[in-house]
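Sequences listed follow chains U, R and B, in order.
Take 1 as the starting number for the first sequence in my numbering and just add one per residue.
Take 316 as the starting number for the second sequence in my numbering and just add one per residue.
Take 597 as the starting number for the third sequence in my numbering and just add one per residue.
Watch out, some of these pointers could steer you wrong.
What the hints assert, rightly or not - Here are the simulated DSSO-like cross-link-like pairs (lysine-lysine), alpha carbons at most 30 Å apart as the crow flies:
# : chain 1 : residue 1 : chain 2 : residue 2
1 : B       : 630       : B       : 787
2 : R       : 414       : B       : 831
3 : B       : 719       : U       : 9
4 : U       : 300       : U       : 19
5 : B       : 787       : U       : 19
As the list claims (entries may be wrong) - Derived list of chain B stretches under chain R, where covered just means 3 residues or more per stretch with a C-beta under 8 Å from a C-beta of chain R:
# : region
6 : 652 to 659
7 : 717 to 725
Everything labelled a hint here was simulated from the structure, so no lab data went into it.
Every residue gets a Cβ at the ideal spot worked out from N, C-alpha and C, and that includes glycine.
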Amino acid sequence: MMRILDRHKRDRFADFLFKGVSSFFALLIIVLMLFLFVVLAIESAPAIKAFGFKFIYSTDWNPVRASFGALPAIYGTIVLSAIAIVIAVPVSIGIAVFLTEMAPKKIRGPVGAAIELLASIPSIIYGMWGLFVFAPFLSAYVEPFLIENFGFLPLFRGTPLGIGMLPAGFILAIMIIPFISSVIRDVFLMVPPMLKESGYGMGATKFEVIWNIVIPFARSGIMGAVILGLGRALGETMAVTFMIGNSHDLSISLLDPATSISATLANEFTEAVDDIYLSGLVELGLILFAITFVVLALSKLMTMRFAPQKGRGKA
Amino acid sequence: MSKRYLMRRVFNCAALSGSLLCAVFGIFFLFWILKDVFSSGIGAMDMAFFTELPSPPGVAGGGLANAIWGTVLITGMATVIGVPAGILAGTYLSEYGRKKRFASVVRFLCDILVSAPSIVIGIFVYAVLVKPFKGFSAVAGALALAIIMLPVVVRTAEEMLKLVPDATREAALALGAPHWKVTLQVVYRGAFRGIITGVMLAVARISGETAPLLFTSFNNAFWNSNITEPTASLTVTIFNYAMGPYDDWHAKAWGGAFIITFTVLFINILSRLLLRGRTGS
Amino acid sequence: MNDNNNHNDKIIIKGLNFYYGSKQALYNVTIAVKENEVTALIGPSGCGKTTFLRCLNRMHDLYAGNRYEGEIILDNANILDKGLDLIKLRSKIGMVFQKPTPFPMSVFDNIAFGLKLNGISKKSELAALVEKALKDSALWDEIKDRLNESALSLSGGQQQRLCIARAIAVQPDVILMDEPCSALDPVATAKIEDMMTELKRNYTVVIVTHNMQQAARVSEWTGFFMMGEVKEFDKTQKIFTTPSNQMTEDYITGRFG
C-alpha cells in the first residue's frame, strides 16, 4: 500500500500528459482544416485581386496572355459529377437492395466485399484502364451508336474519340458506386424489421415493401449517400485527367474533350511558371475545396441520423 | 384481381432481377479491370523491372527500381508521421471526448477530410513546404500522404477502441489503475488487431495516391535516398509513362499498375480476413 | 437502526443524492455498511441500487455531467470530496461487474495487472500472490495449468471468479459486487456464493442482486431500494421474515418487481 503513495504523483502527471497529448492531436485535425483554407486563400489572393468574379464566369483560359477564366473547368466538374451521379445512383440503390433484401446470406458477404474492392482500386488505375481499354471500346462500339441514333440532340454530337465528358463520367460512376451503395446498404439495415414485416403481413411483394416502406423510410439517408458520392466525384482527379481530354473549350456535347478543376490542376500545376498562373490554379483548388467541403458536410448531416448507435454499457 | 396479382408478381420479379443486374454490373467491372491490369502488367515483370533504373526516353529496357523504392520510402515516412498522430487523436475521441462538443467537431471534420479531394492536399503541401524551401522533396510527398491517411486512422482507431467494452475499462479503473495505464495496457491490447487492420487499409489507400504527389515529391529518373530531393514514385511514373508516346513506356506503366493494384488488393483482402477472424471468435 | 452487533461501521453514507445530469437518481440515501459482513442491496430494476454501488468507488466520475450530494465516509474521510484521489480510492475498493470483464491478456497477467500497479514487479513475488489470489477464489486447481492462456478462453463462471481473484489480489478493504452471478449458471453461481462467505472474513462486501434468495443466503444486512430511495435497511433475517415496510413485503413476497 505504501508503494502506491510513492507512485501516485507520477501517475497523475502521466494521466495529465497522456490526455494532453491525445487532445493535442485531436485539436490538430481542426487546426489542419483551418490551415487548409487559410493557406489556399492566401496563395490565391493575387488571382482573386487580379480577376475578381470574372475568374468564375469567364471562359478564356490562356496562360500565355495571363488571362484566366475558370468557367470551362467549373462547368466540366459540375457536368461530370452530374453524369456520374445519374449513372451511379440507380445502380447503387440496386446493389443495396440486392445486398440487404435479395441475396442469399451466403453470397451477401462476398458480393458486398467485391463491390467494396472497387473502391480500393487506385484512381490512376481507373484512369489508365479507361484510356487504354475502355476508351477504344467506347469509340469503336458505343459512341458511333449514340451519335447515329441520338445525334439529333446536341449532347451527342461530335467525333467518337472515346474520351470526353461522358466517358470520364462513366468511369467516375463506377468509382463512386461502392461509396454510395455501402452507405445506402447501412441505411436500409436501419429500417426497423417490424415496419417491413407489417408490409409483408398485408400481402405486399418484396418490391412493394422496398418501394413503399424501405425507400421512403430511408429517404434522407439515401440523399446523404448520393451527396457523399457527389463530393467524391467532384474532387476525383487522376481518372478524370486521363479520360476527359483536357480541353478548355466549352462545348455542349458530352462526347467532346473538356476539362475539370481537378484535371486542370493535375495537368498544369507543375508547368505554371508565373506567380499569377500559379495563384489562379490555387484559386481553382480553393473553389474545389470549398464546394466539396459544403457538399460533404451536407451529406454528413443527412446520414448522421442513421449512424448505428453503438451500445455503450450502462452508465 | 388475378390479372392484377399476376402483374404485381411480374413487376416484383423484374425489379428484383434489376437489383441482381446492378450487383453483376459492379462485379463485372471489377473483374474486367483486374483482368486487363493482370494480363497487360504481367508481361512487364522481369528482373530488370525491379532492379534497374529507367532507360532514356524512347529506349527500350530498364526498370522502375527507383520508383518502387520511392513509393516505399514516401509511404513509409507518411505512415510514421500519420499513424501515431491518428491513433492518439482516435484515443482522444474514444477515451476522453465521447460526449464532448469538441470531439464531435473533430469527428465531423475527419469525415469530411476523408473524402476531400487529395489534389487539394497536394496544393496545400506545395504552398507550405515546396514553395518556401524551393524544391520538391520526398518529405513533402510524405507529408501530403500523412495528411490523407490521418483522418482514416483517427476514425478507425476510434471505432476499434470503442469496441472494447466499457466494463473492461471500469474493471481496470476499479483496481485503481490510472487512466493512461488502462488505455495503454488494457484498451490498446483489446483493440490491437482492429487498429492494425485500420492502419493497413490506410497504407493501402495512400500507396495508390497520385494526385497529391504530383507537386510534392514530383519525379526523378535516378536513384535518390536524400529525402529533401525530388523522388520518383510508382504512381507518378505510371501517370507520366501512360501519357507518354512510347510503347515501352506503356508496358512499364502497366507493370507499375500491376504491382500497385495487386498489392493494394492483397492488403484489402488480408485485412478483411483479419477482421472477420476477430468477430468470429 | 440495529446496534446489537460487534462489527464496526466501515462505510457510512449520509444523505446521499445523486444526479445523472439534471435527472435525480438517488434520494437521501442514509445507511451504514458494517465491516467484515456482507451487505445486500435489493429492489426492482431501475431502483438505483447499481447507481448507489457505483457511488461507492466514484465510477460515475468517468462520465461527464454526473453529480453527487451528501457524504460517504470511509475510514473517517468523505470520499465525495472534490480533491480526493480516485486512483487511491479505487485501489482500496475492489469491484466485480455484472458480466465477467477479463482483460485481453493471459490469466496470469490479468491478476498481475493490479499487483504491478501497486509496484510489485519481482517475478517470484508476483507468482506467489497470483497463486494466493487464485486459491482464495477456489480457481487454482481448475486453471493452474492454463495461466498463460488468454483469459478470454476460460468459461463464463471461471472468468467471473478470475475477476474476483483479480479484485482481491490487491487486497482492498471493500469489495463491491454488481449482480456478479446474473450471467452465470446455477453451478457457477453456487461456487461464487460459497466464495462470498469466505471473503467476508477479510473483506467488507457490498452486493447488488436481483435474486432475493441469494441476498438471504449470503448477506447479514439488506437494503431495499425503490425509486432511488432506501425504503428499508436492516438485518437480512429481519427483512426477510418481518419487514416493517409494506413495499418491502410486497417485493420479497413477489407481488411486484
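Status of the hints after comparison with the structure:
1. 630(B) x 787(B): 24 Å, holds
2. 414(R) x 831(B): The hint is violated at about 42 Å.
3. 719(B) x 9(U): 25 Å, holds
4. 300(U) x 19(U): Holds - the C-alpha atoms of residue 19(U) and residue 300(U) are around 28 Å apart, at most 30 Å.
5. 787(B) x 19(U): 41 Å, violated
6. 652 to 659: holds (count 4)
7. 717 to 725: Violated: only 0 residues of the region 717 to 725 of chain B have a Cβ under 8 Å from chain R.
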